[in-house]
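Engineer: Next come the chains, spelled out residue by residue.
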Amino acid sequence: MQLHHYLLFSALLFAVGLAGALTRRNAILVLIGVELMLNAANLNFIAFWRFLPEAPAMHGLLFVLFTIAVAAAEAAVGLALIIAIYRHYRSTQVDDLRSLHG
Amino acid sequence: MSESELLSAPAPTAMNYEIRPKPAGTSDAEVGGELLEVAMGPHHPSTHGVFRMDVVLDGEQVVKLKPVFGYLHRNHEKIAENTTYLASMPYTDRLDYLCSMTNNWAYALSVERLTGLIPPERAEYIRVITAELTRLVNHTCLIGFLLQDMGALGTPLMYAFRQRELILDLFESLSGSRMMCNYMRFGGCRADLPAGWLEQAAQVVGGYGQFLDEFQALISENEILVARSQGVGVLPAELAINSSITGPMLRASGVNFDLRKADRYGIYDRFPFRVPLGDHGDVYDRYMIRLLEMRESVKILEQALREIPAGPIIDPKAKIRGFRPKAGEAYGRIECPKGELGFYLISDGSPNPYRYRVRPPSLINLTVLEDMCLGQTVADAVIILGSVDIVLGEVDR
Amino acid sequence: MIADLLNGIGLLLWRVVSDQPDAKGALLPVLPAVLQPVVSAVLSVAPIIGVFASLFALTTLLERKGLGRIQNRLGPNRVGPFGILQPAADGLKMLTKEDIIPRSADKVVHFLAPVCLAVPTLLAFAVLPYGRNLVPLDLDAGLLFFFAVGASTELSIFMAGWSSRNKYSLLGAMRAIAQMISYEIPLIVSSVTVVMMTGTLSPMHIVEHQAGFIWGFIPHWYVLTPWGFAGFVIFTIASLAESNRSPFDLPEAESELIAGHLTEYSGFKYALFFLAEYLGMFAISGLGVTLFLGGWHAPLPGLEWIPSFVWFFGKLVSMVFLFIWIRGTVPRLRVDQLLNLAWKFLLPLALINLVVAAVWHFTAVWTFPGALVVRWLLGAALIGGPYVLLGSALSGAKKNTLRVYRYAT
Amino acid sequence: MEIPFAILTALTLVSALAAMSLRNLVHCALCLALTLAGLAALYLQLGAQFAGFAQILVYVGAVAILVVFAILLTNRGDQAAATRAPARSWVTGAGIAVAVFAVLARVILTSSLATGHPMVDRGSPTVKDLGMQLMTQYVLPLEVIGLLLTAATLGAVIIALPEKKTPAAAAPNH
Amino acid sequence: MATDSPYLLITVFLVAAAGFALAPLAMAFAWARLFSPQKSGPEKNAVYECGLQSRGDAWVRFRSEYYLYGIIFLIFDVETIFLLPFAVAFTGLPVGAFLAMIVFLLLLVEGLVWAWRKGILTWA
Amino acid sequence: METLEQIQARLTAEFPAARLERVANESAAGQPSLVVDHAHGQAIARWLRDDPALRLDYCSNVTGVDWLPLETSTKTRVKKVVDGVEKEVEETVKSVRPGYLEAVYHLYSMSLRHGPVILRLRTADRAVGAPVPSLTPVWRGAEFQEREIYDLFGIVFEGHPDLRRLLMWEGYQDHPMRKDYAEPDDYEYEPTPHDEVLEKAGKHAAAEVRP
Amino acid sequence: MLGEGIIKGMAETARNFLGSYHDAARLTTVEFPEDKIPAKESARNFPFLVHDGEDAMQGLRCVACQICEKECPPKCIFIIKDTNKKPDYVGKLQFQPKVFDIDVSVCMSCQICVEVCPFDAIKMDTDFELGGSDRFGGLLLNKRRLAKPNSYYHTIHPTEAAEVDGRLAAEKAKVEAKAKADAEAKAKAAAAAAAAKAAAQTTPPVVASTPAAVVTPAK
Amino acid sequence: MDEGLRNELSKQGVFTTKLTDLYNWGRKNSVWPLQFGLACCAIEMIAASMARYDLARFGAEVFRPSPRQADLMIVAGTVTKKMAPQVVRLYNQMPEPKYVIAMGACAISGGPFKQGYNVLKGVDRFIPVDIHIPGCPPRPEALIHAFMLLQQKIAAQTFTGAGRPRFLDPAGPSEFPVPEFGAHDLVPPNNPAIWRAPKVQRAES
Ligand code: SF4
Ligand code: SF4
Ligand code: SF4
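Protein chains in written order, with my numbering: chain A, 68 to 169; chain B, 12 to 408; chain C, 174 to 582; chain D, 35 to 208; chain E, 9 to 132; chain F, 514 to 724; chain G, 71 to 289; chain H, 2 to 206.
One or more hints might be untrue.
Claimed, not checked - Mimicking EDC-like on lysine to aspartate or glutamate, the simulated pairs with C-alpha atoms at most 20 angstroms apart in a straight line are:
| hint | chain 1 | residue 1 | chain 2 | residue 2 |
| --- | --- | --- | --- | --- |
| 1 | C | K238 | G | E101 |
| 2 | F | K593 | F | D564 |
| 3 | H | K200 | F | D698 |
| 4 | G | K242 | G | D122 |
| 5 | C | K517 | G | E74 |
| 6 | D | K162 | C | D195 |
| 7 | H | K200 | F | E584 |
| 8 | H | K154 | G | E199 |
| 9 | H | K154 | H | E142 |
| 10 | F | K692 | B | E92 |
Hints in this document: simulated from the structure, not taken from any laboratory.
Given only the sequences and the hints, what does the whole structure look like? Please build it.
Structural biologist: Spelled out as structure tokens, the structure:
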């Protein structure tokens with residue numbers, strides 16, 4: 068296997084996430100899409116770490132850990148936001164929110 | 012546990028509860044999710060038979076609770092009105108089927124009120140003995156069931172039933188049946204004590220204190236029990252009185268009212284026993300009051316077994332066949348383990364009662380179930396129900 | 174060929190029993206090279222599944238008998254000698270029982286849930302060291318592997334509860350998740366102390382670190398240190414909760430939620446849940462044994478000749494017995510108390526325990542006579558103080574006390 | 035090497051697609067969990083043991099759960115089915131995604147960086163090395179992450195807190 | 009006893025475990041097909057609700073008090089993935105590194121304490 | 514405790530408009546009771562509860578009674594002018610006391626420990642749904658018992674907060690505790706039939722014999 | 071301290087667990103089909119009809135007076151009188167039941183039939199192993215299945231049976247004595263009063279001890 | 002046994018016999034009752050599972066609260082008309098093979114309360130009952146005795162042929178109609194498909 072396989076796969080995953088985030092109406096699904104994109108990026112880190120000789124020994128791995136942390140924080144805040152929005156507007160449909168905003 | 016004595020604690024009076032108290036702690040539905048309507052019962056492992064609570068839940072919290080009755084409505088009153096006075100006696104066994112002796116007594120007492128029959132001394136002693144044994148059985152089983160509801164896996168219930176078997180043995184050798192004693196008769200009792208019964212009873216009663224100690228060690232101080240039951244299902248005294256709550260449940264709310272003291276029926280004024288009272292009116296108090304009441308019952312029993320005189324066991328005026336009371340009516344009541352059990356009889360001079368009514372403590376004690384459960388969790392609702400101590404045979408009759 | 178094979182198997186068994194390294198090495202060379210890795214893996218996997226499946230059967234029986242004894246009765250004793258065939262009968266019946274899937278249920282998820290629960294639970298067994306030379310998989314991050322597969326069972330329970338489309342199931346599933354996530358943190362943090370001391374996440378190495386005896390007779394198990402003891406207690410409580418055992422059996426709280434997330438499961442799917450639950454309990458007890466009870470080490474010097482896996486399984490069964498014993502004694506907690514216990518008691522305690530462990534580590538340089546005792550007392554004080562404080566805060570928050578009652582005469 | 039890779043990527047991709055296209059939100063969440071688990075397997079395959087397990091622990095064990103909670107809190111189980119018709123242009127969204135993928139793929143395939151590298155043998159980095167590195171070189175980022183996580187807790191909790199439990203109302207009790 | 013590739017063993021284990029879980033299900037299915045006819049019916053396959061006909065759907069928007077716990081759990085779960093490498097390295101680390109970890113932990117604990125104080129951890 | 518006469522006297526003083534009727538009781542118990550009119554039912558109940566000398570805070574038992582119309586014949590000697598001569602003639606007067614339903618309340622005092630005082634509320638006739646005032650607002654303990662009476666006797670309690678059937682199912686149409694209730698016929702298998710059951714079972718046995 | 075109560079409780083269960091191996095009070099199981107708890111003397115389950123002598127149908131004490139049928143609360147006794155009479159234990163001519171059915175699927179084991187029976191003809195059995203799959207045939211007990219000899223009565227309720235026998239014997243003796251006296255009086259209508267007195271003296275002294283355990287219904 | 006016979010047997014049915022035996026053995030030794038009590042008899046049922054009588058010895062202490070996991074429904078107590086639909090529904094929701102024990106006079110026939118307007122005169126009007134235990138309440142030993150009768154019954158069940166139990170017969174019903182609440186009574190008052198009132202046989206003299 069070579070690096071570009073992983074990168075391509077990661078790009079594919081990214082695209083899937085993006086497509087979902089763009090087309091789905093439900094805010095939670097949008098968030099899921101974003102998570103997918105973040106994870107696709109994570110895969111890149113590991114792949115680069117694995118394949119590129121120049122990369123310092125551990126940085127890729129640690130970066131992944133940090134990204135996981137950030138993504139988790141993002142998920143927490145994002146989902147909290149969705150809940151708060153839901154509580155306010157009684158909906159998690161993105162369009163509804165838009166129209167409610169005026 | 013030290014015990015502080017209190018002479019004749021004054022009973023608080025009823026407050027005006029003309030408006031249903033607003034449930035505390037319920038959230039408005041807007042904030043939470045959708046409400047979940049759950050039927051708990053009639054087939055539900057917790058509900059002591061075919062009782063049903065229609066519960067509306069917000070998450071885990073109870074926001075509405077409606078008891079639904081009638082799944083064991085066996086038409087006791089109708090049957091009794093179509094049959095003779097005596098034939099209703101075995102049916103009373105099946106009212107509160109854990110306490111047939113006290114049911115018998117309450118019915119016999121009411122008929123005695125109606126007719127003026129007077130049980131002889133020995134019969135009165137036997138009645139006290141059997142009634143207090145019944146109280147032991149009932150409270151022991153109740154505590155077992157309550158802990159089962161609380162999630163103890165059978166052990167307390169098993170110990171309770173181990174003890175129950177001992178008393179049932181006594182009942183069986185006295186009356187022939189373990190549960191359905193059909194033992195008392197108008198103006199006395201059906202059969203005299205068999206030989207050796209008193210000694211056997213004394214032995215069982217003597218061992219009871221030790222059992223209660225063991226039980227105390229097993230569970231009463233258990234942190235989980237304490238945490239689960241303290242402050243849960245609080246019943247204020249005023250509400251309790253206004254809702255006609257009786258029995259240990261009332262006393263757990265701090266109201267000093269025990270028919271054995273208030274009515275002094277039978278020969279209870281000969282026994283110097285005490286009435287334990289709770290201060291919080293929560294599940295823990297209801298649990299502990301029953302434990303403490305058992306200790307008092309043991310004292311009564313010890314005295315009664317010591318003092319029982321010889322003599323006849325039934326009023327010689329009593330008739331088995333052709334029993335027709337004069338026209339009139341009577342309401343008689345006793346302190347059965349669950350509360351005030353009353354029988355209201357109207358006689359029109361025929362062999363059958365014209366009106367036969369059971370005042371069921373279990374049913375009436377459920378009046379405040381919703382008030383106690385609102386704002387608590389499902390798990391609490393289950394143990395609150397358990398702590399009320401109901402038996403469906405009596406609730407639905 | 175056949176003779177070689179038999180020979181190899183014999184040697185393998187002998188090596189296992191006599192605690193020799195490389196047991197599989199006895200058999201593998203006999204086999205063709207292509208097969209070797211796969212057979213090697215199968216040789217590790219099959220016995221684990223077999224042994225734990227039988228242990229499951231045995232435990233259900235022993236639990237029923239043990240509970241019986243606790244409750245003054247005999248328990249199952251009529252199916253086969255001493256009731257030994259009871260689990261077989263139960264299994265047979267479950268297999269032939271009709272399988273009902275509620276009409277409105279989400280059928281796919283309903284079917285997948287028990288499988289998704291059983292598989293990770295079994296996987297967790299891969300990293301436990303069963304004997305001196307018996308570890309199927311020595312991963313560098315073995316402990317993390319264990320926790321990771323453990324964490325993925327939560328979703329399966331949710332799947333079971335949600336897909337049944339039954340109110341009790343849903344409530345049970347939500348409870349299960351809340352409970353498992355809450356106790357996962359104390360579970361991990363309490364194990365971290367051991368990792369700190371041993372400097373490895375590999376269960377095998379952790380066990381090796383507990384070899385030897387202090388003063389020649391006290392085993393060098395971590396449970397015998399103050400932080401280890403505290404960690405063990407926290408770990409045990411958390412593992413009770415993680416395996417949904419009484420007093421943390423809220424998800425299937427019979428008296429409240431019928432059977433919780435299992436309400437709509439019948440036939441062998443139900444049995445599978447049951448199995449997975451017990452396997453989970455074994456796995457987590459096995460981990461507890463590994464982390465705190467010295468794994469497969471013998472408790473006394475001079476007993477090492479007994480095969481090491483005997484010690485491991487002995488300790489495991491003792492843990493399970495402890496679980497059964499607790500089950501036979503205590504009532505169930507309520508949801509909020511359960512969460513309070515996790516977040517306001519176990520978690521702070523587990524975090525403080527980290528400090529205690531660090532202090533233990535940094536005071537290891539003390540060499541004066543009696544230093545061990547001093548360190549022990551210091552550690553005990555450091556963890557005991559917060560225990561009492563947090564404990565009284567937990568129960569004292571609502572003034573839960575034993576009460577004095579008044580009497581009217 | 036190829037076969038596991040193929041299986042894993044296929045699995046991951048399919049479940050990712052499912053996660054983004056299924057109607058029932060809970061199914062989406064479950065598929066998300068599967069996708070993330072597949073990714074974790076890829077990490078393992080790449081030799082990043084710790085990251086792989088950490089991925090399972092955090093994503094399957096926690097994030098997925100949180101998503102499920104959020105779904106149950108805001109949606110009836112199959113509500114999404116009722117509002118299936120995509121309001122936003124489905125085509126536009128998919129088009130953008132395809133375009134992005136095309137660009138990315140082109141970059142990857144043409145970049146000298148991406149192609150032609152064999153896997154570097156980095157031995158197997160132990161958790162110990164990781165820890166050493168983390169606690170020496172990366173202490174500052176660690177603390178920053180700590181700060182971030184704390185901020186996230188506070189933020190998320192404040193945002194998600196039901197009104198009745200706003201700190202102001204809850205404070206007097208404690 | 010380490011296998012060549014640790015993941016081979018995990019894979020085999022995975023397959024075996026799945027087989028172990030599925031085999032009896034398959035057997036049960038086969039039994040039902042061969043001998044004991046499956047009989048479903050509208051009542052039998054209705055949702056159980058204490059013997060009553062179920063009213064209302066179980067799939068409601070469920071008010072879960074647990075959500076807030078979920079958030080805190082997530083944060084602490086992330087914390088553990090930093091805590092574990094630290095713990096592994098702990099014996100080789102100076103006190104300073106330990107203090108750094110303590111600071112990290114304290115930050116999180118602060119969040120916990122804050123939540124505790126604000127009554128978020130007080131349920132219902 | 515005051516006797517019922519005394520209570521009645523005080524009540525009449527307090528509520529001059531109220532119609533109160535004392536019902537004697539021949540039985541050994543000697544518990545007489547007081548029939549209260551609808552208009553003053555609740556007010557009197559409240560007064561009984563709050564009066565410091567009575568404090569009947571505890572409503573122990575509530576029940577219904579179904580009184581069928583009662584035909585009584587009394588013989589009277591009437592002076593009559595028969596054929597212009599005043600004679601004393603014996604005449605039988607048939608009087609039909611109309612049937613009615615009754616709700617009976619047994620009141621006690623927990624604080625003063627006395628009782629019972631028995632109140633009766635009577636409906637105008639035996640029609641299903643004949644009303645009486647509910648005393649649940651005064652004593653909540655009456656809540657389920659009044660529901661039960663509504664269920665089994667068909668008395669409507671006006672002012673009851675939640676008057677539904679208690680024991681029988683919704684949609685049930687009978688009031689089975691009434692004396693004229695006819696049971697549904699399910700006597701298909703009666704190996705030991707007696708009296709009326711014999712009749713009912715006989716029908717089925719006959720049906721069974723018929724091919 | 072937190073945990074104390076739980077540990078106490080666990081000590082208690084441990085005591086029971088260990089006790090179950092050596093203490094009979096802590097292992098209360100009676101293994102039913104093999105071991106049986108001895109039936110109490112007064113135990114009652116379903117009624118049976120007592121017969122004297124060998125022939126069950128001839129020796130039934132029941133005179134089909136139908137009192138029990140009337141008094142049985144759930145009305146589960148069904149009696150059809152035989153048309154011809156036969157002498158009972160005192161020699162008086164009495165009816166016999168042609169049909170005597172008890173539906174034990176209804177019987178509530180209340181013992182009221184026993185209490186009201188003036189002839190000590192119906193008693194309570196202690197047998198409880200009546201379960202079976204046949205509801206209609208199996209649980210409607212007819213006269214043959216109900217009839218059990220007096221000796222059986224003695225084995226299950228010895229004290230009570232002895233009392234009953236004593237009472238019956240006394241009654242019989244009384245009746246016999248009276249009959250004898252009557253007969254003698256008739257035969258020796260003209261005989262002297264002294265002879266009659268002598269006949270009375272031959273009557274065995276009757277000690278009709280009212281049994282304490284059984285309430286004799288007012289006859 | 003001669004060779005030919007043995008061959009014949011093994012060809013024909015020894016396999017099925019063995020299988021039947023095994024199947025019946027498994028079923029009869031693992032009868033899990035539904036945790037279901039209606040009235041007084043339920044207390045004796047509980048007592049039967051308690052220490053002195055210990056139904057657990059037969060492996061039957063696993064009282065399952067959900068019908069989905071239960072094999073045996075012990076109808077212990079009075080089935081009122083209000084409760085009857087629920088009982089039938091619970092029975093329907095149990096998976097096959099399932100058994101019913103009617104414990105106590107009430108469950109069999111309405112018992113002492115059979116004259117009541119709200120009492121069902123026997124649960125077998127709606128669901129098929131395997132074993133009846135008379136008694137009011139039956140002693141715990143009587144329940145154990147009945148339980149053993151049920152075990153015998155299970156052990157005697159055949160696998161094929163006309164005599165096979167209902168659940169092995171593809172044509173046999175596994176759920177029974179649930180009665181509805183009518184204006185005066187249940188509609189229908191019994192299930193004619195499983196309950197027919199027999200003519201009472203009176204043995205004379
Ligand atoms: S009362 Fe006695 S004698 Fe009369 S019919 Fe009944 S059993 Fe026979
Ligand atoms: S015991 Fe009771 S129910 Fe049974 S036959 Fe005798 S009187 Fe009837
Ligand atoms: S048979 Fe008897 S004990 Fe059983 S439920 Fe009916 S009345 Fe109660």
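Engineer: Straight-line Cα separation of K238 of chain C and E101 of chain G no greater than 20 angstroms?
Structural biologist: Roughly 15 angstroms separates the two Cα atoms, so the pair holds.
Engineer: Would the hint linking K200 of chain H and D698 of chain F be met if the CA-CA limit is 20 angstroms?
Structural biologist: Cα-Cα ~17 angstroms, so holds.
Engineer: Going straight from one Cα to the other, do K154 of chain H and E199 of chain G come out at no more than 20 angstroms?
Structural biologist: holds (16 angstroms)
Engineer: Is it true that the CA of K162 of chain D sits at most 20 angstroms from the CA of D195 of chain C?
Structural biologist: Measuring from Cα to Cα gives roughly 26 angstroms; hence the hint is violated.
Engineer: Is K692 of chain F close enough to E92 of chain B, meaning Cα to Cα at most 20 angstroms?
Structural biologist: holds (9 angstroms)
Engineer: Given the proposed pairing of K200 of chain H with E584 of chain F, does the C-alpha separation stay at or below 20 angstroms?
Structural biologist: Violated, at about 43 angstroms.
Engineer: Would you mind confirming whether the straight-line C-alpha gap from K517 of chain C to E74 of chain G stays at or under 20 angstroms?
Structural biologist: holds (19 angstroms)
Engineer: Checking one constraint from the list: CA of K242 of chain G to CA of D122 of chain G, max 20 angstroms. Satisfied?
Structural biologist: Holds - the C-alpha atoms of D122 of chain G and K242 of chain G are around 14 angstroms apart, at most 20 angstroms.
Engineer: Please verify whether K154 of chain H and E142 of chain H have alpha carbons no more than 20 angstroms apart.
Structural biologist: It holds: about 18 angstroms lies between the C-alpha atoms, which stays within 20 angstroms.
Engineer: Given the proposed pairing of K593 of chain F with D564 of chain F, does the C-alpha separation stay at or below 20 angstroms?
Structural biologist: violated (53 angstroms)
Hint violations for this structure: numbers 2, 6, 7, all remaining hints satisfied.
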